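**Student:** The lines below spell out each chain.
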Amino acid sequence: MKKIKVTLTLMLAMIGMLVLSHEVVAQDTKTYVRIDVDGLSCPFCAYGMEKNLKKVKGAKQVYISVQDGYTTFNVPKDKQPTEEALTKIVEDAGFTARKIRFSPTPFKKDAK
Amino acid sequence: MRKLTLGLVVILLAGKLYAHEPLYGFGPHVLFRGGFAPHINLLFNQDTYQTEYALGYGITKTWTLSAEVPYQGTDSEYLRRGFVLKSKNRLWLNTKPGKSFQGSIVSRVELPAQDDQPTTMQLAMTVGQEALKFYWFASAGYVARFTDNELEPGNNVLYNFSIGYRPFKVDYYKPDLVLFIETTGNAFQKSRMNGELMGQSGGTNLAIAPTMFLTYKNLAIRGGMQFGLSNSAYAPKIKRNVRVTIELHI
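If you're matching them up, the sequences are chains V and R in order. Residue numbers are given in numbering that gives the first Met the number 0: position 76 of the first sequence equals residue 75, and the series is strictly consecutive. Residue numbers are given in numbering that gives the first Met the number 0: position 36 of the second sequence equals residue 35, and the series is strictly consecutive.
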């Protein structure tokens, strides 16, 4: 019985380590992008920006906060778009990209 | 005379819709580059009803072009009224966090479906501010009519002013509501019959409309009721009417 308990504990520990290591690997392979957008005041108008951000190669989890005036998404690290390309996308939608930030870790929602 | 009055009413009620703007007036907003905006516009008053089928396209980030096919119906008939081509160019855009101020020039040509109707050309300037809580739009324009008929309807100056209020906190992932009060006014020149000025024509009118703008991401439904407030001389008083539009951005 004791042997079974030890084996189960070891197996759980190994699974836990695998999950954790997978998370670390996943974080390392993504770049998180946050664009502070001026002029965002209406969801209907923001749709054009979302549509074109989704066309960025590898872009996932596009999130828009009209109330706080920003958008975030992530891309594979090797497909990080340039600031110029992102500025153009925002301007084509009728807004202004005030600040663009890249991070290896996710941005906290609603954090300035 | 009745024909002239009906014609002017039709022109007054003609679709002015464009991407994101007041229901009965103009606004400076243009479509995003590469975006399509199909929409249907419905209008009813005591005598007639109108339907418009339209498609807008964002050619550049500052230029939207739109084509409309308007129909007009009464109890006895339902006819295509013509073909409308509209262009809007944004001249300036000033943005701040949660706010934008912009100005555009709008031109519009309506080619009639019937020979006895005038070709209408319109040029207008529109400015406005959109913010998280409050909106306002102001526009003024000139409408010219051209015809070979013995009856030449007078041209007119039009203007409108709208204010809007968003009662609930905006969230991109939830439906959004903005309430508007819109005023529209016209000043008509006198019409001509066989080149002679018609005594019983020309004048001014003014109307007010409470409207609402309900959106969910790229789908917008607008609705409102317009009431004629006043008229002078021989300009027709704007009849009470209901307008509803459904618009999609893709």
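Since the hints were derived computationally from the structure, they do not count as laboratory data. Predicted model only: the values in this text are computed from it and were never measured. Among the clues, some could well be false.
[What the hints assert, rightly or not] Pairs of lysine-lysine, DSSO-like flavour, derived with a Cα cap of 30 Å:
1) K95(R) to K107(V)
2) K168(R) to K98(V)
3) K189(R) to K107(V)
4) K236(R) to K107(V)
5) K98(R) to K59(V)
6) K56(V) to K132(R)
7) K50(V) to K98(R)
8) K98(V) to K78(V)
9) K59(V) to K236(R)
10) K59(V) to K87(V)
11) K87(V) to K132(R)
**Student:** Please go over all the hints and tell whether each is borne out by the structure.
**Tutor:** Hints versus structure:
{"no.": "1", "hint": "K95(R) to K107(V)", "verdict": "holds, 22 Å"}
{"no.": "2", "hint": "K168(R) to K98(V)", "verdict": "holds, 24 Å"}
{"no.": "3", "hint": "K189(R) to K107(V)", "verdict": "violated, 64 Å"}
{"no.": "4", "hint": "K236(R) to K107(V)", "verdict": "violated, 56 Å"}
{"no.": "5", "hint": "K98(R) to K59(V)", "verdict": "holds, 27 Å"}
{"no.": "6", "hint": "K56(V) to K132(R)", "verdict": "violated, 35 Å"}
{"no.": "7", "hint": "K50(V) to K98(R)", "verdict": "holds, 21 Å"}
{"no.": "8", "hint": "K98(V) to K78(V)", "verdict": "holds, 20 Å"}
{"no.": "9", "hint": "K59(V) to K236(R)", "verdict": "violated, 54 Å"}
{"no.": "10", "hint": "K59(V) to K87(V)", "verdict": "holds, 19 Å"}
{"no.": "11", "hint": "K87(V) to K132(R)", "verdict": "holds, 27 Å"}
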